[in-house]
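Chemist: Protein sequences appear in the order of chains P and V.
The first sequence begins at 248 in this note's numbering and counts up one residue at a time.
The second sequence begins at 248 in this note's numbering and counts up one residue at a time.
Hint data in this document are derived by calculation from the structure and do not stem from the laboratory.
Misleading hints may appear alongside valid ones.
The list treats identical chains as interchangeable, and a pair is accepted whether it falls inside one copy or across any two copies.
Here are the simulated lysine to any residue pairs, SDA-like style, with alpha carbons at most 25 Å apart [stated by the list, open to error]: (1) Lys322 with Glu478; (2) Lys377 with Trp586; (3) Lys517 with Gly363; (4) Lys376 with Lys575; (5) Lys322 with Ala333; (6) Lys377 with Ser556; (7) Lys322 with Pro354; (8) Lys422 with Thr371; (9) Lys422 with Asn328; (10) Lys587 with Pro630; (11) Lys575 with Gly644; (12) Lys575 with Gly597; (13) Lys377 with Gly558; (14) Lys575 with Pro598; (15) Lys322 with Asp335; (16) Lys322 with Trp305; (17) Lys531 with Asp451; (18) Lys575 with Pro594; (19) Lys646 with His399; (20) Lys376 with Leu552; (21) Lys587 with Gly632; (22) Lys436 with Lys517; (23) Lys575 with Asp595; (24) Lys376 with His360; (25) Lys646 with Ser628; (26) Lys322 with Ser481; (27) Lys322 with Pro630; (28) Lys436 with Ala520; (29) Lys376 with Arg590; (30) Lys322 with Thr381.
There are 2 protein chains.
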Amino acid sequence: MQTEAALQRGRNDPGLENPTRRSLLIGSAGAMAAVSLLGFIPLAKGEEPKTLPDYAAWKERNALILHSANTMETKRGAIGNGVITASDRLFVRNNLPAIPESETENPDAWEVHIEGVQNPRTLTVGELKKMGVTTTASVLQCSGNGRAFFPHGASGTQWSVGAAGCVMWTGVPLKDVVEALGGAVAGAKYITSTGGESLPEGIDPKTIVVERSVPTRAMETALLAWEMNDEPLSNTHGGPLRMVVPGYYGVNNVKYVKNIAFTENETDAKIQASGYRIRDVGDKGAPDQPSMWEMNVKSWVTAPLETGSSGRNMIYGVALGGTVQLEKVEVSVDGGKTWKQARFLGPDLGPYAWRPFVLAADLSPGEHRIVSRATDIEGNSQPEGRTDNERGYGHNGWKDHGVTVAIS
Amino acid sequence: MQTEAALQRGRNDPGLENPTRRSLLIGSAGAMAAVSLLGFIPLAKGEEPKTLPDYAAWKERNALILHSANTMETKRGAIGNGVITASDRLFVRNNLPAIPESETENPDAWEVHIEGVQNPRTLTVGELKKMGVTTTASVLQCSGNGRAFFPHGASGTQWSVGAAGCVMWTGVPLKDVVEALGGAVAGAKYITSTGGESLPEGIDPKTIVVERSVPTRAMETALLAWEMNDEPLSNTHGGPLRMVVPGYYGVNNVKYVKNIAFTENETDAKIQASGYRIRDVGDKGAPDQPSMWEMNVKSWVTAPLETGSSGRNMIYGVALGGTVQLEKVEVSVDGGKTWKQARFLGPDLGPYAWRPFVLAADLSPGEHRIVSRATDIEGNSQPEGRTDNERGYGHNGWKDHGVTVAIS
Numbered sequence: 248m249q250t251e252a253a254l255q256r257g258r259n260d261p262g263l264e265n266p267t268r269r270s271l272l273i274g275s276a277g278a279m280a281a282v283s284l285l286g287f288i289p290l291a292k293g294e295e296p297k298t299l300p301d302y303a304a305w306k307e308r309n310a311l312i313l314h315s316a317n318t319m320e321t322k323r324g325a326i327g328n329g330v331i332t333a334s335d336r337l338f339v340r341n342n343l344p345a346i347p348e349s350e351t352e353n354p355d356a357w358e359v360h361i362e363g364v365q366n367p368r369t370l371t372v373g374e375l376k377k378m379g380v381t382t383t384a385s386v387l388q389c390s391g392n393g394r395a396f397f398p399h400g401a402s403g404t405q406w407s408v409g410a411a412g413c414v415m416w417t418g419v420p421l422k423d424v425v426e427a428l429g430g431a432v433a434g435a436k437y438i439t440s441t442g443g444e445s446l447p448e449g450i451d452p453k454t455i456v457v458e459r460s461v462p463t464r465a466m467e468t469a470l471l472a473w474e475m476n477d478e479p480l481s482n483t484h485g486g487p488l489r490m491v492v493p494g495y496y497g498v499n500n501v502k503y504v505k506n507i508a509f510t511e512n513e514t515d516a517k518i519q520a521s522g523y524r525i526r527d528v529g530d531k532g533a534p535d536q537p538s539m540w541e542m543n544v545k546s547w548v549t550a551p552l553e554t555g556s557s558g559r560n561m562i563y564g565v566a567l568g569g570t571v572q573l574e575k576v577e578v579s580v581d582g583g584k585t586w587k588q589a590r591f592l593g594p595d596l597g598p599y600a601w602r603p604f605v606l607a608a609d610l611s612p613g614e615h616r617i618v619s620r621a622t623d624i625e626g627n628s629q630p631e632g633r634t635d636n637e638r639g640y641g642h643n644g645w646k647d648h649g650v651t652v653a654i655s
Numbered sequence: 248m249q250t251e252a253a254l255q256r257g258r259n260d261p262g263l264e265n266p267t268r269r270s271l272l273i274g275s276a277g278a279m280a281a282v283s284l285l286g287f288i289p290l291a292k293g294e295e296p297k298t299l300p301d302y303a304a305w306k307e308r309n310a311l312i313l314h315s316a317n318t319m320e321t322k323r324g325a326i327g328n329g330v331i332t333a334s335d336r337l338f339v340r341n342n343l344p345a346i347p348e349s350e351t352e353n354p355d356a357w358e359v360h361i362e363g364v365q366n367p368r369t370l371t372v373g374e375l376k377k378m379g380v381t382t383t384a385s386v387l388q389c390s391g392n393g394r395a396f397f398p399h400g401a402s403g404t405q406w407s408v409g410a411a412g413c414v415m416w417t418g419v420p421l422k423d424v425v426e427a428l429g430g431a432v433a434g435a436k437y438i439t440s441t442g443g444e445s446l447p448e449g450i451d452p453k454t455i456v457v458e459r460s461v462p463t464r465a466m467e468t469a470l471l472a473w474e475m476n477d478e479p480l481s482n483t484h485g486g487p488l489r490m491v492v493p494g495y496y497g498v499n500n501v502k503y504v505k506n507i508a509f510t511e512n513e514t515d516a517k518i519q520a521s522g523y524r525i526r527d528v529g530d531k532g533a534p535d536q537p538s539m540w541e542m543n544v545k546s547w548v549t550a551p552l553e554t555g556s557s558g559r560n561m562i563y564g565v566a567l568g569g570t571v572q573l574e575k576v577e578v579s580v581d582g583g584k585t586w587k588q589a590r591f592l593g594p595d596l597g598p599y600a601w602r603p604f605v606l607a608a609d610l611s612p613g614e615h616r617i618v619s620r621a622t623d624i625e626g627n628s629q630p631e632g633r634t635d636n637e638r639g640y641g642h643n644g645w646k647d648h649g650v651t652v653a654i655s
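Turn these sequences into a full structure, and let the hints steer you where they fit.
Modeler: Structural data, given as structure tokens:
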């Protein structure tokens with residue numbers, strides 16, 4: 248009965264994107280127990296909780312769409328035109344419930360074990376803080392941002408554009424830590440990070456643990472962050488310590504990071520082996536499919552969204568290049584027939600940050616389809632369409648991301 | 248009696264820096280009435296109000312030193328190491344009480360009159376928003392920041408280092424507005440901005456109005472801002488519309504701006520004619536003395552502040568160049584005998600922004616005097632000492648700004 252109800256929830260509560268349903272699909276008594284252990288609030292399809300969950304109570308409720316207790320999206324109209332997303336407006340997406348605040352009361356005591364290096368060691372945040380520091384502006388974006396636009400009904404949270412934000416991360420460069428421990432072992436090809444969330448009993452940990460591998464090329468820019476936007480990193484967003492891989496999709500930025508291993512192979516945890524893989528609609532996930540690592544070039548309009556007055560309108564939006572610096576953003580007010588280059592707004596915070604843009608356009612009365620198209624310095628441009636894929640990942644097609652505005 | 252009590256308050260509540268005492272010094276019945284009209288809370292020397300005034304109730308109380316209801320300083324330990332100061336930690340310094348929130352409910356309807364241009368016009372914020380937009384990171388700093396370090400007891404709020412912050416301003420470039428109105432009249436040498444605060448009856452408006460002139464060279468970078476840190480500009484900080492002159496001392500960034508005039512001469516308002524002038528101790532203010540316009544190069548340490556453990560310490564601070572890009576910051580842990588170059592932390596937001604810096608230093612047990620010294624790309628460096636001046640303006644001497652830290 249409960250399983251049936253869960254299945255009815257369909258697209259809002261699916262697979263790996265939400266351990267509740269994932270557990271329910273396992274269908275064992277252990278998994279059922281896990282549901283309550285995990286403590287998620289189940290929602291009927293289309294239902295939105297009225298209040299923020301405790302661990303995110305400090306968020307700006309009016310800026311967010313609450314998909315579930317562990318998935319909250321920034322409203323398109325609340326993204327603003329700033330180079331940095333205010334913490335209380337930033338989206339939330341937790342694969343497992345956040346660790347309790349009680350575990351973060353003494354953040355400097357949080358421990359992370361580093362292995363696959365010459366001198367493996369357990370380090371506290373307090374020790375990391377003396378090993379080096381850097382501040383990097385980087386876009387945090389869920390792999391499934393834009394999923395709502397897939398017509399096949401990709402399972403998972405139905406994010407539109409707001410499972411993304413640009414924040415400042417402060418922490419120690421991972422390479423400084425690795426260097427201090429004698430360097431990575433020979434043959435290491437991946438950096439494998441493990442989250443510190445409590446796992447429910449009765450389930451194979453590999454099926455539920457948040458453990459992600461990224462290629463060692465990410466070491467040049469990765470950091471172990473203890474601050475976000477110049478404040479101690481909250482447990483809502485992975486504090487006391489989070490692995491931050493600038494330009495990589497959100498899932499690789501492992502929260503409450505407890506273990507970092509330099510490994511020859513990717514982890515066989517489900518979230519890596521079959522989860523977060525680009526595959527044809529209907530296919531099962533497998534390790535040989537492309538993993539959600541570097542983000543692709545993308546942009547979307549943030550204003551106007553619904554209505555406007557004829558004459559001069561300022562069209563705003565944000566654009567990101569993933570790991571590649573942006574070159575330009577073009578905007579069309581006729582659904583892509585003609586384009587004009589927009590102007591970037593505000594300071595450039597580096598290749599991993601997004602860039603707000605603006606275009607002054609004279610709009611005549613009637614409906615206008617406003618779309619934007621970003622191009623990076625390597626010449627990668629957003630495609631018109633989308634690459635359909637089972638889980639609705641990585642959508643950067645400009646057509647679906649546009650808005651229709653009625654000008655009177 | 249009341250006047251006597253006011254005089255007793257001495258350094259905490261003086262002259263132009265605080266209209267309460269200024270009015271009291273006038274000594275007329277009209278001025279006495281003005282005190283209550285202005286609505287400031289009088290404070291005894293050294294007394295700090297417990298709670299934030301209504302117009303600033305959204306501020307982070309624990310981050311601030313409340314000098315008075317219209318002067319609140321960011322604690323040195325709350326400055327952080329971010330490129331941007333969070334709005335709720337930013338200092339407050341109002342020459343007159345903030346306009347009531349009721350006047351800002353429809354910010355787009357706020358009007359500003361532009362004169363001294365070919366086609367003078369009154370424009371609403373709504374109209375300005377369609378004329379152009381820019382986002383500039385800029386340090387906001389009170390002319391009297393550092394006043395507490397002057398030994399002669401300069402009158403005015405006893406700011407230490409926290410009457411400064413770096414924020415993002417979004418608004419229309421002033422030059423776009425002027426261009427749209429046909430350009431400035433011939434012979435214009437100053438941009439004169441007038442604040443929209445209500446003035447009490449019975450006082451010559453020229454003695455109390457916030458009206459400041461800056462040289463027209465500031466037009467290249469000035470903007471009329473309606474947002475701060477990607478949010479609508481609050482009345483606490485001068486919203487709906489504020490004149491922002493990047494790199495200039497705070498007073499020139501006129502709040503609630505109602506009138507902007509291109510003029511041949513500086514205004515004869517007291518705040519310009521005799522206020523905010525660098526003059527010898529004991530001298531009266533006069534128009535021929537240097538005005539507090541462009542900020543000078545400056546830096547200060549933000550951590551550690553009091554104690555630390557021996558061994559590796561990370562020394563943090565912030566540095567600004569006024570209108571000139573910074574070249575470097577050096578740090579000394581022995582009171583200025585030896586120096587090491589610090590590293591800038593985080594992205595460079597442009598010449599008007601501050602730059603956080605960090606230096607890893609090995610400290611032995613005992614007392615350490617930690618000081619910092621910034622240099623801009625034109626070779627201007629912070630002096631060791633200070634230029635004593637009547638009102639305690641513009642202090643950028645590195646010696647006074649240091650901290651003494653006990654290392655155990």
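Chemist: First find the shortest C-alpha distance between Lys436 and Ala520 inside one copy, then the shortest across copies, and answer within, between, both or neither for a cut-off of 25 Å.
Modeler: within (16 Å within a copy, 68 Å between copies)
Chemist: Tell me, please, which holds for Lys587 and Pro630 at an alpha-carbon limit of 25 Å: within, between, both or neither?
Modeler: Only inside one copy: Lys587 and Pro630 sit 17 Å apart there, 50 Å across copies, limit 25 Å.
Chemist: Cα distance capped at 25 Å. Does Lys575 pair with Gly644 within a copy, between copies, both, or neither?
Modeler: within (16 Å within a copy, 44 Å between copies)
Chemist: Within a copy, between copies, both or neither: which one fits Lys422 and Asn328 at a CA-CA cutoff of 25 Å?
Modeler: Between. Shortest inter-copy distance 21 Å satisfies the 25 Å Cα cut-off; intra-copy 33 Å does not.
Chemist: Which holds for Lys376 with Leu552 at a C-alpha limit of 25 Å: within a copy, between copies, both or neither?
Modeler: between (43 Å within a copy, 17 Å between copies)
Chemist: At most 25 Å between alpha carbons: which applies to Lys322 and Thr381, within, between, both or neither?
Modeler: between (30 Å within a copy, 23 Å between copies)
Chemist: When no copy is specified for Lys322 and Ser481, does a C-alpha distance of 25 Å or less occur within a copy, between copies, both, or neither?
Modeler: This pair counts as both: shortest intra-copy Cα distance 21 Å, inter-copy 22 Å.
Chemist: Is it within a copy, between copies, both, or neither that the alpha carbon of Lys575 lies no farther than 25 Å from that of Gly597?
Modeler: both (14 Å within a copy, 20 Å between copies)
Chemist: Checking Lys322 and Trp305: alpha-carbon separation at most 25 Å within a copy, between copies, both or neither?
Modeler: This pair counts as both: shortest intra-copy Cα distance 17 Å, inter-copy 23 Å.
Chemist: First find the shortest C-alpha distance between Lys377 and Gly558 inside one copy, then the shortest across copies, and answer within, between, both or neither for a cut-off of 25 Å.
Modeler: Only across copies: Lys377 and Gly558 sit 10 Å apart there, 56 Å inside one copy, limit 25 Å.
Chemist: Given identical chains, is Lys322 near Glu478, meaning Cα to Cα at most 25 Å, within a copy, between copies, both, or neither?
Modeler: both (23 Å within a copy, 15 Å between copies)
Chemist: Have a look at Lys575 and Asp595 and pick one of within, between, both or neither, based on CA distance no larger than 25 Å.
Modeler: both (13 Å within a copy, 20 Å between copies)
When the structure is compared with the earlier hints, no violation turns up for any of them.
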